[in-house]
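Asker: Given these sequences and hints, build the entire structure.
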Amino acid sequence: MSQETRPLDALNQSKGKRVIVKLRSHGGKNEEGEMIGILKAFDLHLNLWLEDAELVVGDSKTKLGTVVLRGDNILFISPE
Amino acid sequence: MSQETRPLDALNQSKGKRVIVKLRSHGGKNEEGEMIGILKAFDLHLNLWLEDAELVVGDSKTKLGTVVLRGDNILFISPE
Amino acid sequence: MSQETRPLDALNQSKGKRVIVKLRSHGGKNEEGEMIGILKAFDLHLNLWLEDAELVVGDSKTKLGTVVLRGDNILFISPE
Amino acid sequence: MSQETRPLDALNQSKGKRVIVKLRSHGGKNEEGEMIGILKAFDLHLNLWLEDAELVVGDSKTKLGTVVLRGDNILFISPE
Amino acid sequence: MSQETRPLDALNQSKGKRVIVKLRSHGGKNEEGEMIGILKAFDLHLNLWLEDAELVVGDSKTKLGTVVLRGDNILFISPE
Amino acid sequence: MSQETRPLDALNQSKGKRVIVKLRSHGGKNEEGEMIGILKAFDLHLNLWLEDAELVVGDSKTKLGTVVLRGDNILFISPE
Amino acid sequence: MSQETRPLDALNQSKGKRVIVKLRSHGGKNEEGEMIGILKAFDLHLNLWLEDAELVVGDSKTKLGTVVLRGDNILFISPE
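Protein chains in written order, with our numbering: chain A, 1133 to 1212; chain B, 1133 to 1212; chain C, 1133 to 1212; chain D, 1133 to 1212; chain E, 1133 to 1212; chain F, 1133 to 1212; chain G, 1133 to 1212.
If you are wondering where the hints come from, they were derived from the structure by calculation, not from laboratory data. Bear in mind that the values here come from a model prediction, so they are computed numbers and not experimental data. Don't take each hint at face value.
Using 25 Å as the maximum straight-line C-alpha spacing, the simulated SDA-like pairs for lysine to any residue come out as follows [claimed, not checked]:
#, chain 1, residue 1, chain 2, residue 2
1, B, K1149, B, G1190
2, F, K1195, E, T1137
3, C, K1149, D, G1203
4, G, K1147, F, K1193
5, C, K1193, C, G1165
6, F, K1193, F, G1165
Answerer: Next comes the structure, spelled out in structure tokens:
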């Protein structure tokens, strides 16, 4: 599959741009929300390095600055 | 098993076409729904690159455009 | 264990036939049900390619046609 | 550890005999029960091939015939 | 780490003796309990082969005889 | 990363000393607590061998003696 | 990807500095909170060695000193 387009290629195009990361729930309350930030780096586990990140849960917004988000908390990633 | 038909071959036939992705729940509310979009790429983990994607949860529809959907949130994928 | 009978050999015998796939729950509502369809292909993760698939949840039946079902949602598979 | 007794050796002794498989819950209702059947085959993931299988949940019994049960749904296996 | 003491060495000392296995919950009711039995064998996944096993959940005791317990259901193992 | 300090080096310093192990929940009741004991051994999965172990859940304390605690139940480990 | 920036590079820059670690829930109560401490070491699983660590859950603060935090409990890590 070396020369095929792969899902993570979409993230390469989003580097340096703002992305919306929808978090998946694990049955608790504090992670049903979105992390929004500028995509600096990602890896194969979908761990993300975001800058100027902000966590949005309902009406609540928290500015976080630099964030390393663990990939297994992610539902989807979408460029803003 | 190299020459047998495999489940992911079905996705190869859906590239460039609209697919319905039923999301599985993790006990929370925000991911019981469907993601509908044009399948641009997929990998062995069932991570998907969708274009013109739309998230449908009950009566609510959200246009998302480009989406990288993490494969472990998927219940099933079906061409529209 | 190369010459022993293995569980997936049972699925080889079901290729081209209708199977009932009991879905396991993840704590949510939308995946406590059964997927019924003709088994076209499977892999070692128990990902399934079904044709003429139908999702049955309680009294509700949804015709889906072609489906790629992610293996980790499966409780068991049984030929009809 | 090649010559030591291993847990799966117990299953080798149960081949062709009836076993009770206690299913573990994932937070839902439909898999708190037991699968009873004749053990035809198993693999290292504890995937099981059962014949003459019957699902018992509370007072409800469902005859299933041949079943491939995914190993990660299992709490324990016990010969009848 | 080949010559260091490892956690599973504690289980080697318990072979042939009664152990208490505290089961972890997965959100359901039927696996909050203890399995007590004579440790015949274990593997690196903490799958256990128990003899004369008994499942204790609250006031309820169930005699099971031989049991293969899947390791990922275990919270801890302790010699009686 | 061979010569860098790693998280498990902190556990090497705690061998032979009392540690507090905060257990993570899986949605059930019986594993929201702490295991306290003398750290005899650990492995890369964070499986622990504890001596003189005691399980503390709310006001309830249970003396357990020798315990092999499966690593995936652990939230964090801290020397007392 | 050997010369690309990766998410864990952000953690290298935080070594010796205070970080906020948002814990993810597993459906229970005791791990919806934050661990704050000085990052001494991390590994590829995002296991963390923190010094002067403090667990903050709602209004409750617990001083913990040295902590080895298992990576799979982490939602995100952010320098203070």
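Asker: Now look at each hint and say whether the structure bears it out.
Answerer: Evaluated hints:
1. As the CA atoms of K1149 of chain B and G1190 of chain B are separated by approximately 23 Å, the hinted pair is consistent with the 25 Å bound.
2. Taken as a hint, the K1195 of chain F and T1137 of chain E pair is honoured in the structure, with Cα atoms around 23 Å apart against an allowance of 25 Å.
3. With a C-alpha separation of about 23 Å, the suggested pairing of K1149 of chain C with G1203 of chain D holds against the 25 Å cut-off.
4. Taken as a hint, the K1147 of chain G and K1193 of chain F pair is broken in the structure, with Cα atoms around 37 Å apart against an allowance of 25 Å.
5. Under the criterion of a C-alpha separation no larger than 25 Å, the hint pairing K1193 of chain C with G1165 of chain C is consistent with the structure, at around 10 Å.
6. With a C-alpha separation of about 10 Å, the suggested pairing of K1193 of chain F with G1165 of chain F holds against the 25 Å cut-off.
In this structure, only the earlier hint numbered 4 is contradicted, and the remaining ones agree with it.
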